[in-house]
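Trainee: In the order they appear, the protein sequences are chains A and B.
For the first sequence, position 43 (counting from the first letter as 1) is numbered 43 according to the numbering used here, and the numbering increases by one without interruption.
Position in the second sequence counted from 1, then plus 1000, gives you the numbering used here.
The set of hints was computed from the structure by calculation and includes no laboratory data.
Predicted, not measured: the structure shown is a model, and the values here were computed from it.
A few of these clues could be false.
Unchecked claim - Here are the simulated DSSO-like cross-link-like pairs (lysine-lysine), alpha carbons at most 30 Å apart as the crow flies:
1) B:Lys1035 to A:Lys180
2) A:Lys94 to A:Lys180
3) A:Lys94 to A:Lys4
4) A:Lys4 to B:Lys1035
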Amino acid sequence: MTNKELFLLGVKHSIPICLGYLSVGTAYAVMALQAGYTSFETIIMSVLCYSGSGQFFNVTMSREHAGLFAIGLGILLLNFRYFIMSACVFVRLKTLSTPLRFIFAHFITDEPFAIFSTARQEYLRLSYFFGLVIFSWFSWIMGAVIGVVASDYLPDSLIAAMNVALYALFIAIVVPACMKNSMLLVIVTVAAVLNIVLSRFFDACTAILISIVVCSLIGAHFLEGHDIGGSKEDKLEEEALKMQRKHHDAENEER
Amino acid sequence: MDSRYFLYVIVVSFAVSYAIRVIPALFISKLALSKYWQRVLDLVPYVALTALVFPGIFYCVENNQYAGYIGAIAAIIAALCRLSLSLVVLVAVLAVYGAVVSL
Chain A
1 MTNKELFLLG
11 VKHSIPICLG
21 YLSVGTAYAV
31 MALQAGYTSF
41 ETIIMSVLCY
51 SGSGQFFNVT
61 MSREHAGLFA
71 IGLGILLLNF
81 RYFIMSACVF
91 VRLKTLSTPL
101 RFIFAHFITD
111 EPFAIFSTAR
121 QEYLRLSYFF
131 GLVIFSWFSW
141 IMGAVIGVVA
151 SDYLPDSLIA
161 AMNVALYALF
171 IAIVVPACMK
181 NSMLLVIVTV
191 AAVLNIVLSR
201 FFDACTAILI
211 SIVVCSLIGA
221 HFLEGHDIGG
231 SKEDKLEEEA
241 LKMQRKHHDA
251 ENEER
Chain B
1001 MDSRYFLYVI
1011 VVSFAVSYAI
1021 RVIPALFISK
1031 LALSKYWQRV
1041 LDLVPYVALT
1051 ALVFPGIFYC
1061 VENNQYAGYI
1071 GAIAAIIAAL
1081 CRLSLSLVVL
1091 VAVLAVYGAV
1101 VSL
């Protein structure tokens, strides 16, 4: 396949990601504006940070005027998975030059990683990765722009209701994983209770950081010996394989 | 409060997120994590998301905790029914909207 074809294929495979990013990006923007961010700051955070849970964490923490060190530490813990994902992606792009590595590292997120790291051998070129990530990133930014514009026109009660959107998204991510693994259910339940209790004594940011560190470090001991159905990467690969199969089916239908 | 506080927050979180993404891109070969730390890293996203949701979701609508409770219950039930991510979000938003309008 030529680079152009690979690029277009990547773009095609990114369409479901784009739809998700548009809607979540909008919900993020509504929430950031409510927390006191200006329109410019709201949009520029989507451009630079490009991380759903990270930006949600930022908004939650900065609403309480958390210290910059606490925010940096929280982002480090929360986004550390990108470290592994980035390694997985760039190990498949061995011949890439250093300047290009500096540029494309910014676009590592969960969904494009899941698709790229399990793609067929002949797709593993920069042009395919570029097609996969570029519109995903644009839709994330466009989501923020739509949120900023729409928040002037939507009724207040709907805006208030949209604050629940990202919380609901996170519930939708955690619950299915807990249904497969009862130990994970125990650990996140403890985390929820611990955080509810801690936030009565500390500010929200301190409580969240303590909960993350304590529950992850202790919980990892209990996960030991439990067959949790593979590591997160395995699960991601599983999902990505499903997505790939769908893509292949769609391609076959076209033929 | 410093009027540039939000900008500082953005700069700090950009610096950290970008460093996390770019370091392995440049030095992939030198990575080795023990199984325990691998498991910790697997857990962090789930624990972090849970801590972000509880108790924050209860206060997501100002001066109306019940709307928050309803949103949390609606989202959990929708997720238990294995609805897709966007449908869970839609159900929760509609439930909270209903609560805000009627309470």
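Trainee: Taking 30 Å as the top limit, are the C-alpha atoms of lysine 94 of chain A and lysine 4 of chain A close enough?
Mentor: Holds: lysine 94 of chain A and lysine 4 of chain A sit about 20 Å apart, inside 30 Å.
Trainee: Does the alpha-carbon distance linking lysine 4 of chain A and lysine 1035 of chain B stay inside the 30 Å limit?
Mentor: violated, 41 Å
Trainee: Given the hint that lysine 1035 of chain B pairs with lysine 180 of chain A, test it: the Cα-Cα distance must not exceed 30 Å.
Mentor: This hinted pair holds, its Cα atoms lying about 21 Å apart.
Trainee: Are lysine 94 of chain A and lysine 180 of chain A close enough, with their CA atoms no more than 30 Å apart?
Mentor: Given pair lysine 94 of chain A, lysine 180 of chain A is violated - Cα atoms ~36 Å apart, limit 30 Å.
Hint compliance for this structure: hints 2 and 4 are not met, and every other hint is.
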